[in-house]
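Engineer: Sequence:
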Amino acid sequence: MKLKDLGWDDFFEGQLAAADPGLLPARVTAEYGGCYGVDLGEGEKLAAISGKFKHKAATAGEMPVVGDWVLVADSPGAERLPIHTVLARRSRLSRKSTDKEGAEQPIAANADTVFIVQALDANYNSRRLERFLVAVRESGATPVVILNKADLDPKHPLREKETADLAPGIPVIVLDSVSLAGYDRLSPFLAKGRTIAFIGSSGVGKSTIINNLGAARQRTAAVRESDSKGMHTTTTRRLLQLKGGALLIDTPGMKEFEAWDAPGGFRESFTEIEELALNCRFGNCAHETEPGCAVRAALESGALEAARYNSYLKMKKEAAHQKARADITEQLKSKAVAKKLARAIKNFYTLHREEGS
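Residue numbers for the sequence shown follow the working numbering, so the first one is 369 and each next one is one higher.
Because the hints were derived from the structure by calculation, they are not lab data.
A few of these clues could be false.
To be verified - The list that follows gives simulated cross-link-like pairs (lysine-lysine, BS3-like), each with its CA atoms no further than 25 angstroms apart: (1) Lys413 with Lys560; (2) Lys370 with Lys560; (3) Lys413 with Lys372; (4) Lys707 with Lys420; (5) Lys424 with Lys611; (6) Lys413 with Lys611; (7) Lys370 with Lys707; (8) Lys611 with Lys372; (9) Lys372 with Lys560; (10) Lys370 with Lys422; (11) Lys413 with Lys424; (12) Lys560 with Lys611; (13) Lys611 with Lys422.
Put together the whole structure using the sequences plus the hints.
Structural biologist: Structure follows, in structure tokens:
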């Protein structure tokens with residue numbers, strides 16, 4: 369397989385001029401415990417980040433993820449190739465981690481299109497869809513919504529219209545993964561060398577869709593009839609090649625999803641509310657109790673749906689909290705660096721005074 373078949377193009381080629389000539393480009397194809405799978409165009413090899421790169425990377429967001437292009441030293445006989453650099457990404461899909469730290473958790477890199485999958489059963493959730501849309505728009509990839517399991521919902525045209533109204537301008541594709549109806553509409557996004565990714569909660573049928581597209585068979589599991597909740601069948605992220613040559617980043621189902629630092633994606637996802645806000649009396653209106661609030665006026669008149677308004681406020685507050693937390697972390701890091709520098713200067717002058725005496 370050539371690098372071009374793995375998605376290599378002029379965007380990445382242009383970054384090689386500033387790189388060490390002894391390093392080779394490779395694409396990250398998998399994440400394992402403590403190491404990565406990478407492909408230099410000759411099949412997958414194991415790789416691990418070099419000590420220098422690990423020391424240089426300040427955040428988890430700078431570490432390699434599936435879909436990244438990295439530069440490695442191809443050492444003959446080495447058990448794991450050392451990763452020295454992650455090339456600038458065309459797109460990066462991230463979410464806020466679910467641990468106490470709430471740091472950035474990258475999911476996939478350099479995807480051209482991200483399919484947001486919702487199932488047409490009890491899984492469908494417009495508020496969850498809004499969250500995915502915010503993150504994908506911010507990532508730099510093109511979002512496409514898939515409504516899967518049309519065979520379970522005879523009224524799916526109504527759900528399709530509801531989704532199209534929620535995400536104007538974004539393709540909405542209805543799939544029946546039993547009869548394969550609707551799969552032809554995916555073809556424009558599956559050109560050779562293009563990279564796609566699927567995200568969604570457990571049980572929406574991502575693995576079945578991927579199998580139907582001709583990737584290596586993915587394990588699937590039935591949805592519990594009691595609550596329509598799915599079971600995790602994908603447990604790691606991998607880059608797979610489809611029959612037509614498109615590249616697919618598969619991700620595990622996610623129970624929780626909060627977009628990471630996505631002001632642009634947030635504005636695009638709530639365009640109608642952001643436009644209403646321009647007519648508020650106060651520029652810093654929080655759209656809750658302030659007089660002259662155009663958003664509240666639209667809510668009270670029925671022009672703005674209450675659920676949509678509540679989702680907007682909730683995500684806006686989450687974004688503000690996330691920014692405040694990031695600012696505090698940055699301040700603490702700056703203080704730590706300043707203290708370290710001050711100690712170094714003090715030690716320097718102490719040493720010179722002792723030498724002078």
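Engineer: CA of lysine 611 to CA of lysine 372, is that 25 angstroms or under?
Structural biologist: 16 angstroms, holds
Engineer: Is lysine 560 close enough to lysine 611, meaning Cα to Cα at most 25 angstroms?
Structural biologist: 9 angstroms, holds
Engineer: Holds or violated: lysine 707 and lysine 420, Cα atoms, limit 25 angstroms.
Structural biologist: 23 angstroms, holds
Engineer: With the threshold set at 25 angstroms, check whether the alpha-carbon distance from lysine 370 to lysine 560 stays at or below it.
Structural biologist: 12 angstroms, holds
Engineer: Taken at face value, is the distance from the CA of lysine 422 to the CA of lysine 370 at most 25 angstroms?
Structural biologist: The given pair, whose Cα atoms are some 29 angstroms apart, is violated under the 25 angstroms limit.
Engineer: Is the Cα-Cα distance between lysine 611 and lysine 422 25 angstroms or less?
Structural biologist: 36 angstroms, violated
Engineer: Lysine 413 and lysine 424: Cα distance at most 25 angstroms?
Structural biologist: 24 angstroms, holds
Engineer: With a cut-off of 25 angstroms on the C-alpha distance, tell me whether lysine 413 and lysine 560 pass.
Structural biologist: Status holds; Cα separation ~22 angstroms.
Engineer: Taking 25 angstroms as the top limit, are the C-alpha atoms of lysine 413 and lysine 611 close enough?
Structural biologist: 22 angstroms, holds
Engineer: Quick one, are lysine 424 and lysine 611 close enough, alpha carbons at most 25 angstroms?
Structural biologist: Distance of about 39 angstroms is beyond 25 angstroms: violated.
Engineer: Regarding the pair lysine 413 and lysine 372, is the alpha-carbon distance no greater than 25 angstroms?
Structural biologist: Answer holds: lysine 413 to lysine 372 is near 18 angstroms, not above 25 angstroms.
Engineer: Do the alpha carbons of lysine 372 and lysine 560 lie within 25 angstroms of each other, as the hint requires?
Structural biologist: Holds, because 9 angstroms separates the two Cα atoms, which is no more than 25 angstroms.
In summary, the structure is inconsistent with hints 5, 7, 10, 13 from the numbered list given earlier, while agreeing with the others.
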